[in-house]
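J.: Heads up: the protein sequence lines correspond to chains H and W, in order.
Residues in the first sequence are numbered consecutively from 1, following this note's numbering.
Residues in the second sequence are numbered consecutively from 143, following this note's numbering.
Honestly, I wouldn't trust all of these hints.
Claimed, not checked - Here are the computed distance ranges between Cβ atoms for each label pair:
| no. | chain 1 | residue 1 | chain 2 | residue 2 | range |
| --- | --- | --- | --- | --- | --- |
| 1 | W | 229 | H | 75 | 52 to 60 Å |
| 2 | H | 11 | W | 166 | 42 to 50 Å |
| 3 | W | 167 | H | 59 | 27 to 35 Å |
| 4 | H | 30 | W | 246 | 22 to 30 Å |
| 5 | H | 65 | W | 167 | 45 to 53 Å |
Hints listed in this document are in silico derivations from the structure and should not be mistaken for laboratory results.
None of the values given here were measured: they were computed from a predicted structure.
Every residue, glycine too, gets a C-beta built ideally from N, C-alpha and C.
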Amino acid sequence: MPAAESRYHSEVADAVSVGRLREEFSRWLRRFGLSADRHADLVLAVNEALANTAEFAYRRHSHPGAVTLTVRCDPATDSLLVTVTDEGVWREPRDDGNPQLRGRGIPLMEALADEVVIDSSATGTTVRMRFDQVSNPSSAMA
Amino acid sequence: MPDESNITDEVILPPECVVEEKWIDRIVVVSAAGTVDMLTSPKLEERINAAVAQKPAALVVDLTDVEFLASAGMSVLIAAHQQTPEDVAFAVVADGPVTGRPLKLVGVADIVDVYPTLDEALAKLAA
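So that you can see chain W by itself, here it is in the shape it has in the complex:
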């Protein structure tokens, strides 16, 4: 019988967030993987700002591989939406219980365009 009292004795590593940037023509995709919380969201924000500074035609923030999204990360998305120049389209890729669902619950999905997959976001932006 498993001893449940030992569950929290497992090593808990600090949350990590890996952010990558890729270009598809003039569309920049900033993708995050891992945890986007109050500790790691400044890193995502910096990378988004750096991408916007390179004057893309459109910006996509891809949260497909995010395992935890806190309100601090949602604020980064709202700030990105507000700071992106009007002629630069902005989209977020998020789906499922840890990203898509909470973004809808608190109305972030009413402010920014959220797509369930990167392909759908790119198709919309290329149209």
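In isolation and in its complexed conformation, chain H is listed as follows:
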């Protein structure tokens, strides 16, 4: 498994930068040679963490602040660690009485990642996701 850490950053957490960071992550992830299902799962989980930042973190601000995506693989545990960090405060999506329309971002992250931890403080929010068994089966057999 490649040992690598990469960091992607945008000064403005908006829908456009979510798309760009998602695509950068997807390209970085290609080196693992994951199955199509697994690759898509990871890209979607990362997208949802980024999207939550763009949608919720800077609601009380006049302009959206920064978002940083860090990806690191841990060869010892064969896992991929992803963090998405912002400097805003997530506002819980309001229950508007329409439970079917409630956001699926966090349930998606929880369904797709092996572990999700969301740390919120007054200075920002960090989402940590862990994905296990990311080594390329073909290279493991070599």
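Once you have looked at the hints, place chain W on chain H.
T.: Same frame as chain H, but now just chain W:
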């Protein structure tokens, strides 16, 4: 040996979503291609609402050519399901790792009818 450090130096274009509408008798098919995320899903939602306003007998949202579907796009499907009049059938076409799989994972496929191909959706609606 390829230099992997250059991978992210490739030009990354903003996500695009192409939405088309076609009618098969009284069934309207709204198909999306490309990316359906928080940036592009309002476009899909507008086209769905415009199609429903023309009073079809049934509405199909075809995601066959979608390359990325975010939760924002899933919310559009749920809203379409809720806003479609009761006498108008509603179906979604989705299959594979980027659309069909996540729709099942978070239970959207339990709320809306999802078919793997447009032909299967049309056959069901015409029956």
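J.: Evaluate each hint against the coordinates.
T.: Going down the list of hints, with the structure as the test:
1. W:229 - H:75: 52 to 60 Å: holds (58 Å)
2. H:11 - W:166: 42 to 50 Å: Given a distance of about 47 Å, which is inside 42 to 50 Å, the answer is holds.
3. W:167 - H:59: 27 to 35 Å: violated (45 Å)
4. H:30 - W:246: 22 to 30 Å: holds (25 Å)
5. H:65 - W:167: 45 to 53 Å: Given range 45 to 53 Å: holds, Cβ gap about 51 Å.
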